[in-house]
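Please model the entire structure based on the sequences and the hints provided.
The residues making up each chain are set out below.
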Amino acid sequence: MTTDALIWTVIVLLGIGTYLIRFSFIGLIGDRRLPPFVLRLLRYVPVAVMPGLVAPLIVWPAATGGVPDAPRLLAAVAALAIGAITRSLLGAIFGGMGTLYLAQALL
Amino acid sequence: MQASPITRTFLAGFVAGTPFILVVVPFAMLFGVVATEAGFDILQTMSMSFLVIAGASQFAAVALIEEQAPVLVILATSLAVNMRMAMYSAALVPHMGAAPLWQRALAAYLLVDQSYGVASQRYDREPTLTVPEKMAYFFGAVMAVCPLWYLFTYVGAVAGAAIPPEYALDYAVPITFLALVAPYLRSLPHLAAALVSVAGALAFSVIPYSLGLIIAASLAMFTGALVEIWMERRA
Chain H
1 MTTDALIWTV
11 IVLLGIGTYL
21 IRFSFIGLIG
31 DRRLPPFVLR
41 LLRYVPVAVM
51 PGLVAPLIVW
61 PAATGGVPDA
71 PRLLAAVAAL
81 AIGAITRSLL
91 GAIFGGMGTL
101 YLAQALL
Chain Z
1 MQASPITRTF
11 LAGFVAGTPF
21 ILVVVPFAML
31 FGVVATEAGF
41 DILQTMSMSF
51 LVIAGASQFA
61 AVALIEEQAP
71 VLVILATSLA
81 VNMRMAMYSA
91 ALVPHMGAAP
101 LWQRALAAYL
111 LVDQSYGVAS
121 QRYDREPTLT
131 VPEKMAYFFG
141 AVMAVCPLWY
151 LFTYVGAVAG
161 AAIPPEYALD
171 YAVPITFLAL
181 VAPYLRSLPH
191 LAAALVSVAG
201 ALAFSVIPYS
211 LGLIIAASLA
221 MFTGALVEIW
231 MERRA
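Residue numbers (my numbering), protein chains in the order written: chain H, 1 to 107; chain Z, 1 to 235.
Rather than coming from a laboratory, the hints here were simulated on the basis of the structure. Some clues are possibly wrong.
Selected chain Z positions facing chain H (in silico; Cβ < 10 Å) [stated by the list, open to error]:
{"#": "1", "residue": "Met-48"}
{"#": "2", "residue": "Ala-56"}
{"#": "3", "residue": "Thr-77"}
{"#": "4", "residue": "Leu-79"}
{"#": "5", "residue": "Glu-166"}
{"#": "6", "residue": "Ala-182"}
{"#": "7", "residue": "Ala-194"}
Here are some, though not all, of the chain H residues that point toward chain Z, as calculated from beta-carbon distances under 10 Å [what the hints assert, rightly or not]:
{"#": "8", "residue": "Tyr-19"}
{"#": "9", "residue": "Leu-42"}
{"#": "10", "residue": "Pro-51"}
{"#": "11", "residue": "Gly-52"}
{"#": "12", "residue": "Arg-87"}
{"#": "13", "residue": "Leu-107"}
Chain H is nowhere near these chain Z residues, computed Cβ spacing over 12 Å in every case [unchecked claim]:
{"#": "14", "residue": "Ser-4"}
{"#": "15", "residue": "Gln-121"}
{"#": "16", "residue": "Leu-129"}
{"#": "17", "residue": "Ala-162"}
{"#": "18", "residue": "Leu-202"}
C-beta atoms are modelled at their ideal positions from N, C-alpha and C, and glycine is treated no differently.
Take a look at the structure:
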């Protein structure tokens, strides 16, 4: 598949998929309850997917040809620390990118 | 002229949603920039923000498209990062279940972190709200942020093409995910799940088609749930 076709396929299917997730309970399932263990698992989906999704991008960045890079690692630590302490999405993003630029300038 | 109760609740929802403009505007711009850098044209970038309307899913999809992962893996991962919407959807049933189907269908499309957060707080505080008032409040909160999501995706996409590569914007994607996930890490089950996810994703990175990520995420989900049960038993 060409990149263009891949992008369009993902856009359409992801649009349908995210809609169905949101519509699921309000629209279809109504008041029926899910088993407690399923709800428990659902609670951990974001934290199970996102760290694994980015770990290789952080440890082996494509921009350095897959070689671990100190400024990028520092930036990741800064974003995590700021986000965990302040719970601020933008604070963590700008703090992380700021750390990256600072470390690239200094190291 | 006195505004009707419905109009007033709509406006109250709108006002409650406005603080999130500060989050949505830069986040939307960042998506526009990142998607453009990844090779999306403006129509594709806008279509994604319009049809998917979910920041984390969109960033995940862009990252995996760049890695040329198979469609099924891209979809599974991008949908998984947005599974919390299923929980929001479930939580809104007692409040919205009695609304007409078209309103529920529209609310489902507009269900985002901000609209859910603002609306559910208000519903808890004021249980006497009627169903039409609840719907009006929800739609008001959404109107403060969703149009800006589209508009600033566009601004970002146009600006993105003009930003030189030394700004390392490729790295904005991982940083954004860390920022999304960091607030969860203050609880032990979430931290355990995150560590298993990272260790698994790195260890299984040799498995083709990014399937290692799916395996790592499944293990991490069970880790979180089991640590939670273990902590409840000890408490």
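List in ascending order the numbers of the hints, as given earlier, that are violated by the structure.
13, 18
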